[in-house]
Amino acid sequence: VCKLQINQSLGIVPVADRFRQALGDAVEIPAAKVVRCKACGLYYVQPMPFLTTEQYDRLYDVDYFPQNAPRWEERRWRDAERRLGLIAELVGEDGELLDVGCGEGRMLSIARARGWKCRGLETSQPLAKAAEKASGAPVDVGDLESIGYEDSRFAAVYLDSVLEHVPTPAEFVSEIARILRVGGAAYIVVPNENGLSSRVLGIVQALRGHNRRLTPFSSPYHWIGFCKRSLADCFRRAHLRPVFVRAMHGRME
1 VCKLQINQSL GIVPVADRFR QALGDAVEIP AAKVVRCKAC GLYYVQPMPF
51 LTTEQYDRLY DVDYFPQNAP RWEERRWRDA ERRLGLIAEL VGEDGELLDV
101 GCGEGRMLSI ARARGWKCRG LETSQPLAKA AEKASGAPVD VGDLESIGYE
151 DSRFAAVYLD SVLEHVPTPA EFVSEIARIL RVGGAAYIVV PNENGLSSRV
201 LGIVQALRGH NRRLTPFSSP YHWIGFCKRS LADCFRRAHL RPVFVRAMHG
251 RME
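In UniProt numbering, the protein residues as written are 1 to 253.
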């Protein structure tokens with residue numbers, strides 16, 4: 001994010017069978033490690049993997065999302081409803097909402113039921129079809145930086161558990177700023193790598209001889225890890241002003 005690259009190595013990266021299968025037997029996965037930038041606190045994998053569209057489709061298919069317990073699933077719906085309420089307080093409900101990485105279509109379903117004009121964006125064709133079917137909202141297929149939405153088109157852009165999968169987060173957030181209208185809002189949810197649950201997981205990983213942060217080549221395939229400082233740096237570089245940052249349940253939003 002800060003481009004200074006003053007790094008601390010945190011260990012090697014294990015590779016899961018599903019990741020190997022997604023890339024294909026003919027593709028050699030280079031040895032990689034997780035590092036932390038001492039300047040901004042960003043965690044990332046080095047070298048950074050870049051996947052083709054076909055590889056994305058195999059990795060992030062409809063089986064990517066685990067079957068959650070009913071209680072956990074209910075909480076995810078409540079979280080989405082609460083976040084949409086906060087978005088409405090900031091920008092009203094008279095514009096268009098874009099859900100980037102819309103997954104199963106949860107936010108699209110809620111927004112559409114509340115009368116929002118909304119659409120989704122997915123890099124995975126199977127997930128895009130599933131989200132469109134579940135929500136009834138249009139879902140585009142592609143990546144945000146190349147799909148070419150118009151300047152200042154959206155009143156709100158929503159990302160839940162997306163930015164940690166993006167190899168160039170600062171550029172990605174700058175694209176969000178470009179497509180937001182004046183007075184619009186971006187609502188971004190990411191894991192908190194300095195939160196208690198991440199620290200506990202890091203200790204477990206270290207005891208196994210693996211990196212202490214991130215799992216880029218095994219589920220859930222996080223290539224980037226944020227703390228409050230590195231996330232704020234992303235916003236500053238895109239000339240976006242954070243309205244609030246809330247840390248809860250191992251996440252920041």
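What the hints contain is simulated information worked out from the structure, not anything from laboratory work. Any given hint could be a false lead.
Only pairs whose alpha carbons sit at most 25 Å apart, straight line, appear in this in silico DSS-like list of lysine-lysine [claimed, not checked]:
| hint | residue 1 | residue 2 |
| --- | --- | --- |
| 1 | K228 | K33 |
| 2 | K133 | K117 |
| 3 | K117 | K129 |
Restraint-style ranges between C-beta atoms, simulated for each label pair [claimed, not checked]:
| hint | residue 1 | residue 2 | range |
| --- | --- | --- | --- |
| 4 | N7 | S146 | 25 to 31 Å |
| 5 | F244 | D17 | 16 to 22 Å |
| 6 | G183 | A31 | 24 to 30 Å |
| 7 | R18 | G92 | 41 to 47 Å |
Note that this is a predicted model, so its numbers are computed, not measured. Backbone N, C-alpha and C define an ideal beta-carbon position, used for all residues, glycine too.
Checking one constraint from the list: CA of K228 to CA of K33, max 25 Å. Satisfied? holds (22 Å)
Using the Cβ atoms, figure out if F244 sits within 16 to 22 Å of D17. With Cβ atoms ~40 Å apart, the hint is violated.
Next pair to validate is K133 with K117; report whether the Cα-Cα distance is within 25 Å. It holds: about 16 Å lies between the C-alpha atoms, which stays within 25 Å.
Within a Cα-Cα threshold of 25 Å, do K117 and K129 meet the stated pairing? OK: K117 and K129 at ~19 Å, within 25 Å.
Do N7 and S146 keep their Cβ atoms within the hinted range of 25 to 31 Å? holds (28 Å)
Has the hinted range 41 to 47 Å been met by the Cβ atoms of R18 and G92? holds (42 Å)
Can the suggested window of 24 to 30 Å be confirmed for the beta-carbon pair G183 and A31? violated (47 Å)
Checked against the numbered hints above, the structure breaks hints 5 and 6 and satisfies the rest.
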